[in-house]
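Engineer: For reference, the chains in residue letters:
Protein chains: 2
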Amino acid sequence: MSQPTAPTPTGASAPPPFHVYDTTLRDGAQQEGINLSVADKLTIAPMLDELGVGFIEGGWPGAVPKDTEFFKRAAKELDLRNAELAAFGATRKAGVRATDDPQVHALLDSEAPVVTLVAKFDVRHVERALRTTPDEGLAMITDTVTFLRREGRRVFVDAEHFFDGYRYDADFARRAVVTAFEAGAEVVALCDTNGGMLPDWVREIVQDVRAVAGPDALLGMHAHNDSGCAVANTLAAVDAGCTHVQGTVNGYGERTGNADLLSVVANLELKLGRQVLARDTDTPGGLTELTRIAHAISEVTNISPFARQPYVGASAFAHKAGLHASAIKVDPDLYQHADPELVGNDMRMLVSDMAGRASIELKGRQLGIDLAEHPDVLSRVVHRVKDAEAAGYTYEAADASFELVLVEELEGARPAYFRVESWRTIVERNGGRGTPATAEATVKLHAGGERIVSTGEGNGPVNALDHALRDALQRVYPELARFELIDFKVRILDQMQGTDAVTRVLIETTDGQTSWSTVGVGPNLIEASWEALTDSAIWGLRHLGVRPR
Amino acid sequence: MSQPTAPTPTGASAPPPFHVYDTTLRDGAQQEGINLSVADKLTIAPMLDELGVGFIEGGWPGAVPKDTEFFKRAAKELDLRNAELAAFGATRKAGVRATDDPQVHALLDSEAPVVTLVAKFDVRHVERALRTTPDEGLAMITDTVTFLRREGRRVFVDAEHFFDGYRYDADFARRAVVTAFEAGAEVVALCDTNGGMLPDWVREIVQDVRAVAGPDALLGMHAHNDSGCAVANTLAAVDAGCTHVQGTVNGYGERTGNADLLSVVANLELKLGRQVLARDTDTPGGLTELTRIAHAISEVTNISPFARQPYVGASAFAHKAGLHASAIKVDPDLYQHADPELVGNDMRMLVSDMAGRASIELKGRQLGIDLAEHPDVLSRVVHRVKDAEAAGYTYEAADASFELVLVEELEGARPAYFRVESWRTIVERNGGRGTPATAEATVKLHAGGERIVSTGEGNGPVNALDHALRDALQRVYPELARFELIDFKVRILDQMQGTDAVTRVLIETTDGQTSWSTVGVGPNLIEASWEALTDSAIWGLRHLGVRPR
Numbered sequence: 001m002s003q004p005t006a007p008t009p010t011g012a013s014a015p016p017p018f019h020v021y022d023t024t025l026r027d028g029a030q031q032e033g034i035n036l037s038v039a040d041k042l043t044i045a046p047m048l049d050e051l052g053v054g055f056i057e058g059g060w061p062g063a064v065p066k067d068t069e070f071f072k073r074a075a076k077e078l079d080l081r082n083a084e085l086a087a088f089g090a091t092r093k094a095g096v097r098a099t100d101d102p103q104v105h106a107l108l109d110s111e112a113p114v115v116t117l118v119a120k121f122d123v124r125h126v127e128r129a130l131r132t133t134p135d136e137g138l139a140m141i142t143d144t145v146t147f148l149r150r151e152g153r154r155v156f157v158d159a160e161h162f163f164d165g166y167r168y169d170a171d172f173a174r175r176a177v178v179t180a181f182e183a184g185a186e187v188v189a190l191c192d193t194n195g196g197m198l199p200d201w202v203r204e205i206v207q208d209v210r211a212v213a214g215p216d217a218l219l220g221m222h223a224h225n226d227s228g229c230a231v232a233n234t235l236a237a238v239d240a241g242c243t244h245v246q247g248t249v250n251g252y253g254e255r256t257g258n259a260d261l262l263s264v265v266a267n268l269e270l271k272l273g274r275q276v277l278a279r280d281t282d283t284p285g286g287l288t289e290l291t292r293i294a295h296a297i298s299e300v301t302n303i304s305p306f307a308r309q310p311y312v313g314a315s316a317f318a319h320k321a322g323l324h325a326s327a328i329k330v331d332p333d334l335y336q337h338a339d340p341e342l343v344g345n346d347m348r349m350l351v352s353d354m355a356g357r358a359s360i361e362l363k364g365r366q367l368g369i370d371l372a373e374h375p376d377v378l379s380r381v382v383h384r385v386k387d388a389e390a391a392g393y394t395y396e397a398a399d400a401s402f403e404l405v406l407v408e409e410l411e412g413a414r415p416a417y418f419r420v421e422s423w424r425t426i427v428e429r430n431g432g433r434g435t436p437a438t439a440e441a442t443v444k445l446h447a448g449g450e451r452i453v454s455t456g457e458g459n460g461p462v463n464a465l466d467h468a469l470r471d472a473l474q475r476v477y478p479e480l481a482r483f484e485l486i487d488f489k490v491r492i493l494d495q496m497q498g499t500d501a502v503t504r505v506l507i508e509t510t511d512g513q514t515s516w517s518t519v520g521v522g523p524n525l526i527e528a529s530w531e532a533l534t535d536s537a538i539w540g541l542r543h544l545g546v547r548p549r
Numbered sequence: 001m002s003q004p005t006a007p008t009p010t011g012a013s014a015p016p017p018f019h020v021y022d023t024t025l026r027d028g029a030q031q032e033g034i035n036l037s038v039a040d041k042l043t044i045a046p047m048l049d050e051l052g053v054g055f056i057e058g059g060w061p062g063a064v065p066k067d068t069e070f071f072k073r074a075a076k077e078l079d080l081r082n083a084e085l086a087a088f089g090a091t092r093k094a095g096v097r098a099t100d101d102p103q104v105h106a107l108l109d110s111e112a113p114v115v116t117l118v119a120k121f122d123v124r125h126v127e128r129a130l131r132t133t134p135d136e137g138l139a140m141i142t143d144t145v146t147f148l149r150r151e152g153r154r155v156f157v158d159a160e161h162f163f164d165g166y167r168y169d170a171d172f173a174r175r176a177v178v179t180a181f182e183a184g185a186e187v188v189a190l191c192d193t194n195g196g197m198l199p200d201w202v203r204e205i206v207q208d209v210r211a212v213a214g215p216d217a218l219l220g221m222h223a224h225n226d227s228g229c230a231v232a233n234t235l236a237a238v239d240a241g242c243t244h245v246q247g248t249v250n251g252y253g254e255r256t257g258n259a260d261l262l263s264v265v266a267n268l269e270l271k272l273g274r275q276v277l278a279r280d281t282d283t284p285g286g287l288t289e290l291t292r293i294a295h296a297i298s299e300v301t302n303i304s305p306f307a308r309q310p311y312v313g314a315s316a317f318a319h320k321a322g323l324h325a326s327a328i329k330v331d332p333d334l335y336q337h338a339d340p341e342l343v344g345n346d347m348r349m350l351v352s353d354m355a356g357r358a359s360i361e362l363k364g365r366q367l368g369i370d371l372a373e374h375p376d377v378l379s380r381v382v383h384r385v386k387d388a389e390a391a392g393y394t395y396e397a398a399d400a401s402f403e404l405v406l407v408e409e410l411e412g413a414r415p416a417y418f419r420v421e422s423w424r425t426i427v428e429r430n431g432g433r434g435t436p437a438t439a440e441a442t443v444k445l446h447a448g449g450e451r452i453v454s455t456g457e458g459n460g461p462v463n464a465l466d467h468a469l470r471d472a473l474q475r476v477y478p479e480l481a482r483f484e485l486i487d488f489k490v491r492i493l494d495q496m497q498g499t500d501a502v503t504r505v506l507i508e509t510t511d512g513q514t515s516w517s518t519v520g521v522g523p524n525l526i527e528a529s530w531e532a533l534t535d536s537a538i539w540g541l542r543h544l545g546v547r548p549r
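Just so you know, the protein sequences line up as chains A and B, in that order.
Going by full-length UniProt numbering, the first sequence opens with residue 1, and the numbers climb by one from there.
Going by full-length UniProt numbering, the second sequence opens with residue 1, and the numbers climb by one from there.
Derived from the structure by calculation, the hints contain no laboratory data.
A portion of the hints provided could be inaccurate.
Same chains, same label: a pair holds when it works inside one copy or across any pair of copies.
[As the list claims (entries may be wrong)] 27 Å max Cα-Cα, derived DSSO-like pairs, lysine-lysine:
| id | residue 1 | residue 2 |
| --- | --- | --- |
| 1 | K93 | K386 |
| 2 | K66 | K489 |
| 3 | K66 | K363 |
| 4 | K72 | K386 |
Pulled out of the complex, with its shape left as it was, chain A reads as follows (with noise of 0.2 Å):
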């Protein structure tokens, strides 16, 4: 089932909503090392909405200044088919009336269709950090739900510290679901905070609130991983009557991080028979999708993924070859718990595998070029990309490296628009600390029959490069004035070795009209830069139907 996008009627025949709900852009953005760009949660947003989920948490805004921004652009900006926004935020402070709490005037002002409210409902936080009484903790649940709802808004509230609470004073802690509930909110999601829940607790605990709340109340479910139990107290708490799941893309998170929410809709879909992702008709979508966003969006937020992650780490459906595998080759079912085609994964043992195959097949469909009807090109593609993996290439996040791979085996080489004779970058500083240090770059290259010097500066070697190269080419090929770089991204492979280490650069670049991404590797940075750069350049070219001179 998909999310509703208004309350579902309560005929007994309507099948009770199920919310996959996102918060990867809001409490996954808390962990450590992760700090994430307006632009980047505007290209994270679409990419979960493409997955399936129902709702994304964007940020807080009115608190975090980068949030507000967040919302008002993405009103604007994205067109977003499955999922709603949902704006977080605190309830009113205490002793303030709701109307007059600037920070739920944002809240209001973020235009998200959802807003989501943290509460505290362990008595002992709201004794000690809000410093207020009970009654007043949850006259201000009361307040600002009410104010909320009557500004038409649809309203979730996070019940903050819930388990550890209700295990103090679950006397409290059953009077502020209740008094969330009465108030209209339409989602109580119970969140284990402080992450240390094991299943049978959670079972229990979720088991007497239903009983409280009522069979139609939406209860939900926000999990974090400190017990290493979070994806397994999601599907207690599911199984106990939650019908709202809470997560983030990768368990990014705070500490230990929060339920990988990949991993909680595999489950639900794979292993316990319920469709809760989204499915769109026009586009593949769900769960297919799941290990190509998981990677894609680790590219933006700059985390290394984690191999053993369950269903799409690079590791989750490679065996080691030895004994099995032409056991394996026969009978996958038999040593492997999911089919990884499912999840969009390849089993990796088999170097020729099917899946392997038919995702490059894919890929080339989508660049408009049909390999199936060249395997022996698509098989001298599937090798080369593999190699090119090993040695640290990605080609998820470079579909215009990728497809000039494709074109130089279908044409044997790629478009000869220029050859690089040499090219040099100096980077100085003359002074100490504060002195501005300088870059410049000298390329030479042939191109339309001409031999061709050029420099350029920069504030730093890439960008020196950059000018230098545009210069060069544009006095044989003016079109490229329009091309801007508008992404650059360094990420060190292999970390424990070091600047010694390999490079992975990917850069997009745009026309005004459309953007494309390379990629260059390599143990220097600055050759890895030149490799997607001029990558850039070519393909960019080549999009333009301008033919080599």
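Starting from the known structure of chain A, arrange chain B on it as the hints suggest.
Structural biologist: For chain B alone, kept in the frame of chain A given last:
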């Protein structure tokens, strides 16, 4: 309870034995990227013993030559206080007498007091992989167990593919369990070999097996993490009556890994009140060594520790929210699921963009600097950190740079080990695609009363600068020779500005004993790297107590 070294007497008052069975050296070593030498295994085994596990599965003697060698050397060289060594191996081959099977004899020759026999408990594997009959499959168990028991060994049986087998043909799986116990097996460990079980399924199946095997039978659980539920599955099995848990340190293992034994024992001891690790009165051992041993073993396996690992990860008790810092200081138990000291970990305050006075004060205290006594300094540091973070710095992953900020504000300046006159780096490539690029750097600085000019080469510009800087400084500070760069991370901030964006570099350095992290930020990647490199040298020298020369 510690592990008994012989079967427990069956008197009514005897507490049931509980086995913590570590298979890091056997099943953990199946992980992609792990390759343990005999020396590695001899290094890890005493750490496991110190932790207090009851059994250490060392490998498969007879099948893996390295493992044969390990048991030979272990018998002579290891002096284990708590743990028994277990040799892993298969039941006899189909159609061969146990006494005639060289692989079975190799298990005896290992001299391990415990032999763990793997046998197929899924009838499909008996028929399709062993290509024999169900009855012969059972006879293989009976004969091999009987033979080894007669030779005086304790025998455990790993019931391979047990859960999948039970779901396909419960009758065969049950018969195999009874067969193993009747032949004299002390333990039957139920294996979720493909790792796809969920906790409720495990509980139900274990309860049934418990009923079949009788109340005194020792049942074990061996879980893999393919559903993300390995720890919870193990706890569910214990709840249903298993008294033997298998797992690996750090969850190492094939695909998504085995159950992380560290999380399992921490949950059992801290949350379920069962003391399962052996306690030796002479040494601290036990849970308080959990974090140290987890990291020490990751040094031997050369697998980077996972920061989000429950209980022992670097982020497991790291708090980011500045808002709550003052509350955490007063009432830490309201904000963490367990006391980090109990597992040998630390609470860490991350200095993040929500930095407030309280979190910076707490951070200072962790570094041994009491800022409460210097309110004016504290104010200056708070302002400086806010400015720096607005410019792109992050101190949450750069403790050493943060400490230098504190030192500068407390002492008026950072230690003047050297004064930089200038530096320059050149990267060039003389040729087309495929020609390697070269990088060199020159550094001019003043230290020890001298002007030093030094040149370095490297894979890339940062590597070259690092070499040139260290070469120059070592002439005056030979202590620096031990420093080594072990991690280098680059993040482009505000990614919509392409190569004009701000670059943040984080580097980690070690002197073989401790490691520290520094940060540099700037529009120029090389300049940012230079800042992090020089901060690293200054912090390292200061930490060693070296005075400026």
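Engineer: Now look at each hint and say whether the structure bears it out.
Structural biologist: Going down the list of hints, with the structure as the test:
no. : hint         : verdict
1   : K93 <-> K386 : between (56 Å within a copy, 25 Å between copies)
2   : K66 <-> K489 : both (21 Å within a copy, 24 Å between copies)
3   : K66 <-> K363 : between (35 Å within a copy, 26 Å between copies)
4   : K72 <-> K386 : between (42 Å within a copy, 25 Å between copies)
Hint compliance for this structure: every hint is met.
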